[in-house]
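A.B. asks: This is what each chain is made of:
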Amino acid sequence: MATADAAHHDEHHAHPTGILRWITTTNHKDIGTLYLLFSLTMFMVGGLMALVIRAELFQPGLQVVDPHFFNQMTTMHALVMIFGAVMPGFVGFANWMLPMMIGAPDMALPRLNNWSFWILPFAFTMLLSSLLTAGGGPASGWTLYAPLSIQGGMSVDMTIFAIHMMGVSSILGAINVIVTIFNMRAPGMTLLKMPLFVWTWLITAFLLIAVMPVLAGVVTMLLTDRHFDTAFFNPAGGGDPVMFQHIFWFFGHPEVYILILPAFGIISEIIPTFSRKPLFGYTTMVLATAGIAFLSFIVWAHHMFTVGMPLAGELFFMYSTMLIAVPTGVKVFNWVSTMWRGSLTFETPMLFAIAVVFLFTIGGFSGLMLAITPADFQYHDTYFVVAHFHYVLFSGSIMAMMGGAYYWLPKWTGHMYDEKLGKTHFWLNTIFFNITFFPQHFLGLAGMPRRIPDYALQFTEFNVISSIGAFGLGLSQLLFVYVVIKCVRGGEKASDEVWEQPRGLEWTVPSPAPYHTFETPPRVA
Amino acid sequence: MEVAEGIEPKGANYLLEVDKPLVIPTNRKVRFLLTANDVIHAWWIPQFGTKKDAIPGYINELWTLVEKPGTYRGQCAELCGKDHGFMPIVVEAKSPEQFEAWLASEKQGQAKDTADAAREWSKGELLTHGEKVYANCVACHGADGKGMPGAFPAITGNPVATGPVAAHVSVVMNGKTGTAMQAFKNQLSDLDIAAVVTYQRNALGNNTGDIVQPTQVNSVR
Ligand code: HEM
Ligand SMILES: [Cu+2]
Ligand SMILES: [Cu+2]
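First to last, the protein sequences are chains R and F.
For what it's worth, numbering that gives the first Met the number 0 labels the leading residue of the first sequence as 0, then goes sequentially.
For what it's worth, numbering that gives the first Met the number 0 labels the leading residue of the second sequence as 0, then goes sequentially.
If you are wondering where the hints come from, they were derived from the structure by calculation, not from laboratory data.
Predicted model only: the values in this text are computed from it and were never measured.
The reader is advised that the hints may include incorrect statements.
Covered, in the sense of this in silico footprint (three residues per stretch, anywhere, with C-beta under 8 Å from a C-beta of chain F), are these stretches of chain R [claimed, not checked]:
(1) 141-151
(2) 238-244
(3) 302-312
(4) 415-427
(5) 459-465
A few chain F residues facing chain R, derived, Cβ under 10 Å [unchecked claim]:
(6) V2
(7) T49
(8) T70
(9) G149
(10) F151
(11) T155
(12) N157
(13) T161
For each residue, glycine too, the CB sits at the ideal point set by N, CA and C.
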């Protein structure tokens, strides 16, 4: 462990500049920036793929791409957004904010930190370049269901290898988070005084360590089925295609909570600040987070209600899934209660936070509908599911990150962002989001299956609306990029506190936060 | 494809039409058994309010009770490859009386097919039927059996059509790899194949006198 003194020296000597600074950096703020920029880039790449999908679905018939390429786009869009945009985005927030929030000088394992980031560009180069192989990229959906994925070309192997690299990166990042939180807290910062963002990340990190190896295992079994004559999932050799789904979703369901818990953390930081009240029910928030994490391990087969499970299995997974709505409801209740009788103001981060609470709840309700086994027989694999997971992932995870970015940008850059443009971005984003995804509920209920490149004529109107919304949504993100760049390059000087008496150690250091914060730990009362 | 690409107009049931619908009776519980032999598909008619995966190596079951006679349309619901969007399902629900009538006529048709395939056919009968079946061949071999010199061989005087019978039957059934000659085994019945082979050997300028019976074709299936 470097002493404060050594770290100080570092700053004045031998500090590489230019590109080398970014390649060799072990500083949590630099690495956080790298993660956030990577996430934003992947968000744009994945977004372009989504626009290919929506362009094809604008009208019935095949106009833009062929069905095989369409399948590659749905597969890649999901992999890029989940593993490239949302997960690294949250790690970026963790890097920037965790040390500042717990009063630590840096992450506990800085070199590991550097490495866990720099694996990612290689992983995604591998993944994206698989589109250029003979036969194109992976086309079996992000869920890679066997036996379909056993049949794909070399791109499936590249995808498997890329997933392994992403997994290593996530696990290393998670180890770093856990070690940092357990060892680096400032004196007086007991576990139950930690900001909620820290708590949600601590629990997320445990989820990551628990399930990323499961994903690695299942894709490795797929690899050996493809090339080494095993038959784990291949019925022709006595294997079981349903087992693939069980193992995949044992990873997959906790994964969706990996994608949302840090968002809950961000929302729980923003709402108290703009309500000018402490978070309502802090302890129940922590317990609810832990409860959700625990339950997330025993609900996986709700993704598989139509494979033909025994009745007892269907009942168990139905009730366990519905149980998750309880701790989730506690959270929504607490956010609303925090706002209750607060002196609210509606700066951009708060607008995003309120929209997340509202829209995520819609996604939670559709999740509850999907949890009801006999109803899911109808909804499964339709656009209703697509609408559900975009309400929890886009208007949950992604919009929480946007809110978080507006909230902390002044701390990161030292400048206020352009409030007017920020609000414009919020409204464009939120309106177009709903235009894109709300009609997809109706499409699913009307009987449109997901993952199809062409559709029967009765689905036309809602698809037209959805595609128009999607292009608006895509374009409105350019405004976000512009606001961020503008804020980095200048703007009104931000004060240390930035907002009105916000809680949290990050607001006690100057804006922009110095390269090394808390060389001497603060005392927490 | 031409319809999908907008060259031809789309009908009201675009993407939801099949050549042979599944026929079930109304007001009776119907049990479906589902499996697949390549990848996972899912069987779904939205109006039946339920769906189930068709999984290789598994037999899944599903039941329904349809009250109103009519045509019910659905699609495969599990991603199964590039043609996933083009896997329609059509169920024809008939009232019990109509269903019984349909069943009887199907049974009759089947019984007739079986009887036809089992009995001895005269040369005249085979030639008359064979001329009709030959419609499958005219695109390449020509209505007069002269083929297209350089591209497709003539049937008239062709060594296969005038040589051993077994080899002739085999080419029609299995096709000839590396050429445009396709296998007709799954497309034509025993009777069709027997008739068209007999026709080729005794018409279009050939006169071998050979007769091929449906039972002979069946024995080499
Ligand atoms: C109250 C909470 C929730 C419940 C009860 C719930 C329930 C479900 C159910 C039953 C399904 C399976 C639907 C089907 O395929 O037929 C599903 C799918 C999905 N959920 Fe949720 N969900 C909840 C929250 C979330 C959250 C927070 C996320 C992520 C941030 C999420 C992401 C997804 C995704 C990505 C899928 C689709 C996966 C796929 O098939 O590709 N859900 N949800
Ligand atoms: Cu789930
Ligand atoms: Cu399919």
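A.B. asks: Could you check the structure against the hints above and give me the numbers of any it violates, in ascending order?
C.D. replies: When the structure is compared with the hints, numbers 4, 5, 8, 9, 10, 11, 12, 13 turn out to be violated.
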